[in-house]
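2 protein chains.
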Amino acid sequence: MTSSEQPRRRGRPTAPLLSQEKITSAAVELIELRGYSALTMAALARQLGVAPSALYNHVSNKHQLLRWIQDHVNREIDCSDFEVRPWDAALEAWAHSYRDAYARHSLLVPVIAVTPIAGSPHTVAMYEKVAAGLRAGGWPDDQVMDVVVAVESFVLGSALDAAAPDDIFDVPADQAPVLARVVGARVGRDAARAAFDLGLATVLAGLRDRLRALTP
Amino acid sequence: MTSSEQPRRRGRPTAPLLSQEKITSAAVELIELRGYSALTMAALARQLGVAPSALYNHVSNKHQLLRWIQDHVNREIDCSDFEVRPWDAALEAWAHSYRDAYARHSLLVPVIAVTPIAGSPHTVAMYEKVAAGLRAGGWPDDQVMDVVVAVESFVLGSALDAAAPDDIFDVPADQAPVLARVVGARVGRDAARAAFDLGLATVLAGLRDRLRALTP
DNA sequence: CAGGCTAAATGAGCGACATTCATATTGTCT
DNA sequence: AGACAATATGAATGTCGCTCATTTAGCCTG
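Chains A and B, in that order, are what the protein sequence lines are.
So the first sequence is numbered by the UniProt record's numbering: it starts at 1 and just counts up by one.
So the second sequence is numbered by the UniProt record's numbering: it starts at 1 and just counts up by one.
Just so you know, these hints were derived from the structure itself, not from any lab.
Take the hints with a grain of salt, since some may be wrong.
Repeated chains share a single entry, so a pair holds when one copy, or any two copies, can fit it.
Calculated lysine to any residue pairs in the SDA-like style (CA-CA distance at most 25 Å, straight line) [to be verified]:
| no. | residue 1 | residue 2 |
| --- | --- | --- |
| 1 | Lys62 | Pro165 |
| 2 | Lys62 | Ile168 |
| 3 | Lys62 | Asp166 |
| 4 | Lys22 | Val187 |
| 5 | Lys62 | Ile31 |
| 6 | Lys62 | Asp170 |
| 7 | Lys22 | Ala45 |
| 8 | Lys62 | Asp167 |
| 9 | Lys22 | Ala54 |
| 10 | Lys62 | Pro16 |
Model the full assembly from the supplied sequences, consistent with the hints where possible.
Written out as structure tokens, the structure is:
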């Protein structure tokens with residue numbers, strides 16, 4: 001069934017076949033269809049009906065492509081609550097939305113954590129809203145980023161954890177009796193979700209206390 | 001200076017040149033010397049004075065090698081406090097030690113988070129101590145792992161954050177004025193460390209509250 | 001309107017890796 | 001002594017990201 005693929009035209013086409021938007025969308029589609037391991041430059045080019053080398057006229061390398069994808073994913077994160085609800089409720093909703101997005105893109109987590117945000121407009125917009133919300137909620141300037149980073153660290157760690165297999169802590173009871181026991185005590189639930197919920201509730205409670213202590 | 005490398009003997013040597021211990025140590029040494037990007041199977045073999053293919057008689061693939069390294073790194077994590085101090089103090093010390101270890105091995109973080117611990121003896125031993133400490137501290141069986149995973153998520157997220165460049169949040173003030181302002185308000189400090197300390201203190205405060213509410 | 005510059009595509013091919021395989025050698029077990 | 005298993009070598013393979021020379025077409029300028 002090798003279909004009749006007429007050899008494509010060389011040279012500059014009438015209208016450009018590629019753009020940042022098209023490349024990013026195709027990459028995200030590919031990831032959602034077949035996972036991150038399927039995201040190769042060759043596969044992406046194929047998806048776009050283009051030769052692999054053509055991509056490099058638009059994106060400098062695969063790492064930059066991942067940053068585009070990251071910014072695309074960040075667009076899905078909901079931080080509208082910061083404009084209409086108290087800081088702690090908004091932070092909770094943001095954290096949930098953030099975790100869910102990256103549970104589906106856990107391979108991006110190590111990329112996010114290390115990449116300057118400046119080149120990513122949606123990402124910058126997100127942090128701007130979060131920072132404004134915390135400041136409006138009474139947090140002092142010099143602690144806002146610490147709060148953001150702390151919560152974000154927990155969120156990204158949890159996103160990684162969400163990608164783990166359910167039996168990650170399974171262990172023979174004779175090797176580690178206490179561990180086997182407490183691991184057994186949480187079967188049935190969505191373990192990663194439960195840990196995230198407990199952790200987030202804990203963090204929020206701690207933050208409320210801390211802010212209260214700051215502003216008597 | 002291409003030194004006189006006599007062609008090495010083929011076939012089985014009198015004493016095995018390789019073992020899990022030797023391979024892992026050499027890999028860790030290589031990483032500490034030249035970073036993770038230098039950890040290739042060829043470079044590792046070279047470090048051990050052996051042909052690359054010889055490694056595959058001992059380790060099934062690079063991913064398994066990373067798991068050996070992970071277990072090796074976990075051996076450095078200090079969790080002795082769980083046997084001699086209150087659960088919250090021990091948890092704090094553990095988290096610090098854990099973060100510091102993986103700040104130096106952040107490339108392993110996505111591997112840890114997803115790999116079953118069963119094949120890693122030091123890792124199992126670590127969790128056993130932590131679980132026993134929390135249980136002894138009064139935490140109910142069905143919440144111990146949630147606490148462990150929540151703290152671990154924060155720790156691993158923070159370890160990733162520690163590997164980020166200092167200027168990761170730098171942004172033109174006209175694009176995101178509030179963000180620029182709060183980012184500017186924390187210059188001078190070790191930002192990642194400050195966020196970790198704030199977050200850990202917050203989590204511990206929240207956990208103490210929670211346990212107190214459970215056991216009146 | 002001719003000539004040149006630039007954008008954007010093609011396809012060949014390179015180098016870095018992880019991994020596999022046929023083969024050789026040697027210690028150990030029967 | 002002979003068979004087998006363990007452990008090394010080195011050649012080869014396949015996948016990838018990426019580069020480069022080349023081609024083509026639109027646009028700008030004199």
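* Asked: Within a copy, between copies, both or neither: where do Lys62 and Asp170 come within 25 Å Cα-Cα?
  -> So Lys62 and Asp170 pass the 25 Å test across copies only (23 Å; inside, 36 Å).
First find the shortest C-alpha distance between Lys62 and Pro16 inside one copy, then the shortest across copies, and answer within, between, both or neither for a cut-off of 25 Å. So Lys62 and Pro16 pass the 25 Å test inside one copy only (20 Å; across, 41 Å).
Should Lys62 paired with Asp166 be assigned to within, between, both, or neither, using CA atoms and 25 Å as the limit?
Intra 31 Å, inter 23 Å, cutoff 25 Å: inter-copy only.
Practice item. First find the shortest C-alpha distance between Lys62 and Asp167 inside one copy, then the shortest across copies, and answer within, between, both or neither for a cut-off of 25 Å. Key: between (33 Å within a copy, 22 Å between copies)
**Prompt:** How would you classify Lys62 and Pro165 at a CA-CA limit of 25 Å: within, between, both, or neither?
**Reply:** between (28 Å within a copy, 20 Å between copies)
Measure nothing new, just compare the shortest in-copy and cross-copy C-alpha distances for Lys62 and Ile31 to 25 Å and report within, between, both or neither.
both (14 Å within a copy, 24 Å between copies)
*Is the C-alpha distance from Lys22 to Ala45 at most 25 Å within one copy, between copies, in both cases, or in neither?*
within (11 Å within a copy, 43 Å between copies)
_Treating 25 Å as the Cα threshold, decide for Lys22 and Ala54: within, between, both or neither._
The answer is within: 13 Å in one copy meets 25 Å, while 45 Å across copies does not.
key: Status of Val187 relative to Lys22 across identical chains (alpha carbons, at most 25 Å)   = neither (43 Å within a copy, 38 Å between copies)
**Prompt:** When no copy is specified for Lys62 and Ile168, does a C-alpha distance of 25 Å or less occur within a copy, between copies, both, or neither?
**Reply:** between (31 Å within a copy, 20 Å between copies)
The earlier numbered hint that this structure contradicts is number 4, and it is the only one.
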